[in-house]
Amino acid sequence: MTTPSINKKSLLEFIKKNKPLVVLLILVVVMSIMNDRFLTPGNLLTILRQSSVNAVIATGMTFAILIGGIDLSVGSVMAICGAIAATMINSGIDVWLTVLAVLVLGLGIGAANGILISKGRLQPFIATLGTMTLIRGITLVYTQGKPISTTGAEPEITKAFAFIGKGYILGIPVPIYIMIFVFVAAYYVLMHTRTGRYVYSLGSNEEATIYSGIKVDRIKVFVYGASGTLAALAGIIMTARLGSAQATTGEGYELDAIAAVVLGGTSMAGGVGTIFGTAVGALIIGILSSALNLLRVPSYYQNVAKGVVILIAVLLDRQQKASR
Amino acid sequence: MKKILAVLLAGVLIFAMAACGNSGGDSGNGGGEEGGATIGLVVSTLNNPFFVDLRDGAQAKADELGATLVVLDSQDDSATEMSNVEDLITQKVDLIMINPTDSDAVGSAVASANDANIPVITLDRAANSGEVVAHIASDNVAGGEMAGKYIVDLLDGKGKVVELEGIPGASAARDRGEGFNKALEGTDIEVVARQTANFDRAQGLSVMENILQAQPEINAVFAHNDEMALGAVEAIKASGRDIIVVGFDATDDALAAVKAGDMAATVQQLPKEIGAKGVEAAVKVINGESVDASIPVDLQLVTKDSE
Chain U
1 MTTPSINKKS
11 LLEFIKKNKP
21 LVVLLILVVV
31 MSIMNDRFLT
41 PGNLLTILRQ
51 SSVNAVIATG
61 MTFAILIGGI
71 DLSVGSVMAI
81 CGAIAATMIN
91 SGIDVWLTVL
101 AVLVLGLGIG
111 AANGILISKG
121 RLQPFIATLG
131 TMTLIRGITL
141 VYTQGKPIST
151 TGAEPEITKA
161 FAFIGKGYIL
171 GIPVPIYIMI
181 FVFVAAYYVL
191 MHTRTGRYVY
201 SLGSNEEATI
211 YSGIKVDRIK
221 VFVYGASGTL
231 AALAGIIMTA
241 RLGSAQATTG
251 EGYELDAIAA
261 VVLGGTSMAG
271 GVGTIFGTAV
281 GALIIGILSS
291 ALNLLRVPSY
301 YQNVAKGVVI
311 LIAVLLDRQQ
321 KASR
Chain W
1001 MKKILAVLLA
1011 GVLIFAMAAC
1021 GNSGGDSGNG
1031 GGEEGGATIG
1041 LVVSTLNNPF
1051 FVDLRDGAQA
1061 KADELGATLV
1071 VLDSQDDSAT
1081 EMSNVEDLIT
1091 QKVDLIMINP
1101 TDSDAVGSAV
1111 ASANDANIPV
1121 ITLDRAANSG
1131 EVVAHIASDN
1141 VAGGEMAGKY
1151 IVDLLDGKGK
1161 VVELEGIPGA
1171 SAARDRGEGF
1181 NKALEGTDIE
1191 VVARQTANFD
1201 RAQGLSVMEN
1211 ILQAQPEINA
1221 VFAHNDEMAL
1231 GAVEAIKASG
1241 RDIIVVGFDA
1251 TDDALAAVKA
1261 GDMAATVQQL
1271 PKEIGAKGVE
1281 AAVKVINGES
1291 VDASIPVDLQ
1301 LVTKDSE
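Protein chains in written order, with our numbering: chain U, 1 to 324; chain W, 1001 to 1307.
FYI, nobody ran anything at the bench for these hints, they're computed from the structure.
Please read all numbers here as calculations on a predicted model, not as lab measurements.
Heads up, some of the hints might be wrong.
[Unchecked claim] Straight-line C-alpha distance at most 27 Å; calculated DSS-like pairs for lysine-lysine:
| id | chain 1 | residue 1 | chain 2 | residue 2 |
| --- | --- | --- | --- | --- |
| 1 | U | Lys16 | U | Lys306 |
| 2 | U | Lys306 | W | Lys1182 |
| 3 | U | Lys16 | U | Lys119 |
| 4 | U | Lys166 | W | Lys1092 |
| 5 | W | Lys1149 | W | Lys1182 |
| 6 | W | Lys1259 | W | Lys1158 |
Just chain W, same shape as in the assembly:
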């Protein structure tokens, strides 16, 4: 008898767990049709503050608009992502927002949702196959432009700058570079060197060392990401020269470097905005309104005076 009790206890525990979970989000199990829309959000990982912020932004917006948000964590595993999407299809949610773990592998999951006639919105990373109604990501062109303008202001519109480029062909590198160069147009600022350091800190260091050897006069450096910027900072420190460095991404290391004055600024993505704009677009789609296929999210420049 004791044993049956134990087994029953196990059952009760599962009940309790489930009840716990429900109290946090919504009241119903059946799909939550009773109030507003139900939106599924499959996040690549909730072990990374960037995506936790994305989730928080989406949740806040969903609460504001009266929609129910079901958040599932793929734990950076494409198979878990697939299962999560399938589970959302079973729940018959109105729309699925996916922040893919990988742009290729997510294709199968998107296709499954397409088959079930559930619209899909991708966040931050795009899907390479399947039908997606909208893609929401940071506007890297605007971010590059922001960094460029900041450098133009600091240099009073004239001087010599270096651009450290990301992996050739990568969309982030292309867009950030495009925006940066747009900001320099019409000024007396000359790009004296433009080289790739593949988003890598060690390469940022060695490439910058070579450029420092070749160029007697450099006023500023723009790197397509913080890793390269931090590498360049090391090279500049060793050379003893005074050069402004601006990076991109606002990583913890970079924010510390900005605070310490080693870097002038870094461009920060706003993951909460990505989540919020995702929910906004989702609600529009569910209500039958049309949305743009690509929705850019603004970025923000972090300097020493920012905070």
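Just chain U, with the same shape it has in the complex:
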């Protein structure tokens, strides 16, 4: 509207197509006006780093939701993987080996979800609700409810591990690189591989996908395996950042991830959605949390505000889809 060179129609078209992005831009503009410290490089990097854990989980969640499923176990997977990572680091095991082993553990738990859902014919909600509770329980038994600090190892290893969460490369925090890598990899898989096409096709029409001879069960195991692996990665980032693994880590994180995915325009019914949308959704949630703190909104009201923004964003999206 302030740029007369763009004609009205194309601007409308742009807004229609990129509603999540528009919401994000409005948030950024409003925040920049209201607080002069918001639009500083330091604060933006802080927000990106704070968003990285949710963004990584949400990327896995996007796969699950794209095939019409859901993965509620991500928060628990984060916790057990963080605890195992901390134990391994404490017993002096090499950082790369630890990361690899923990990612494989996440993959295994995720694949088990996939098998329960495909071979066991369980509803994804029920299957992952079960594993969520089960794994949280195992984490509590394993840690005895106590935090595990990563300070017990040789200082070299502790330092190298902490780098994953606290380190900087070229002035930018490491978790941000990890987040961007995850986005790019997920985008590539979804848009440029056969598996990616099958994911969309499975989400739009499962029957038709089965009849066209695609091994649907394998796709499901792949999708939940990916979600588990990414949850494990999030657990590693979190543990490295805090220097300690907590049994209660990640409680409720599945909901933040789902919110990010849905804010990004992905349909809970499956088949429609993009990684770009999820990235925008995760940023909206990250900015919102930070913004509400910067604006000194009392903490009880913060949840009210977050809920309202999520509802408005999703309602807008709904309208757009209905009018298609």
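Once you've looked at the hints, dock chain W against the given chain U.
Below, chain W alone, put in the same frame as chain U:
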């Protein structure tokens, strides 16, 4: 057009929310330098009345001293705590008071504040790493002494008592025990049994049962927390003997037991005092005055006649 309106509406709503929030605390967004100091308070959770009281005490003191208090809730999540501290650093507050969710995990947050040259004060729970100018918590030694003196008075300075200890090595158990035994010094009161029940109600019950079997004469029991005290009360009731029980923490169950006469007393922490002393120390630090590294907060004994 309708849709653009809707989007704009969303923006307006966010504005309104923000305005709402601001009217409650201060007027400016920029950091509130215009009047007094700005102190950040990161509370482990505002879902627990103890910490809500802590917040209220801090707020009242801040209002009194003309300081601005920015309160953020970590919701018992160390990562949220970290983000909250980062957001306070962005706001360039003068000092950050942290009531940690966990003494180990808070280290990273304290380190971030240290890097930004913002002084940190911890409340109630300490931080195991990072630089902290002061730590403010209940004086458990004084609390144990208070309980001990009360028992000494009730028994007229002579009798046989049992001490149920908390988790061996835990600072609360050590301090409360130290204070209690200090109160008994120089009296004719004898501790006939001293055993741990790990702060646990079920263990308090079974340990007390065993002690009751072994000791024909017991006049009073001091337990390092209310859970163990309540377990002991059950064991004593079953035995039909008349023994004074004093606990620690003033939990809801314990207060009800004190009212019902099952327990003689419990020692109550004063979270509002912790919050208030925190703000007092914070203002001193900001003004360049020195403060003690460890600031104890008094406790209070709750008996049937208290209220």
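Hint check results:
1. Lys16/U - Lys306/U: Given that 27 Å is the threshold and the Cα spacing comes to 23 Å, the pair holds.
2. Lys306/U - Lys1182/W: At roughly 53 Å apart (the allowed maximum being 27 Å), Lys1182/W and Lys306/U break the hint.
3. Lys16/U - Lys119/U: violated (40 Å)
4. Lys166/U - Lys1092/W: It holds: about 21 Å lies between the C-alpha atoms, which stays within 27 Å.
5. Lys1149/W - Lys1182/W: Measuring from Cα to Cα gives roughly 9 Å; hence the hint holds.
6. Lys1259/W - Lys1158/W: holds (26 Å)
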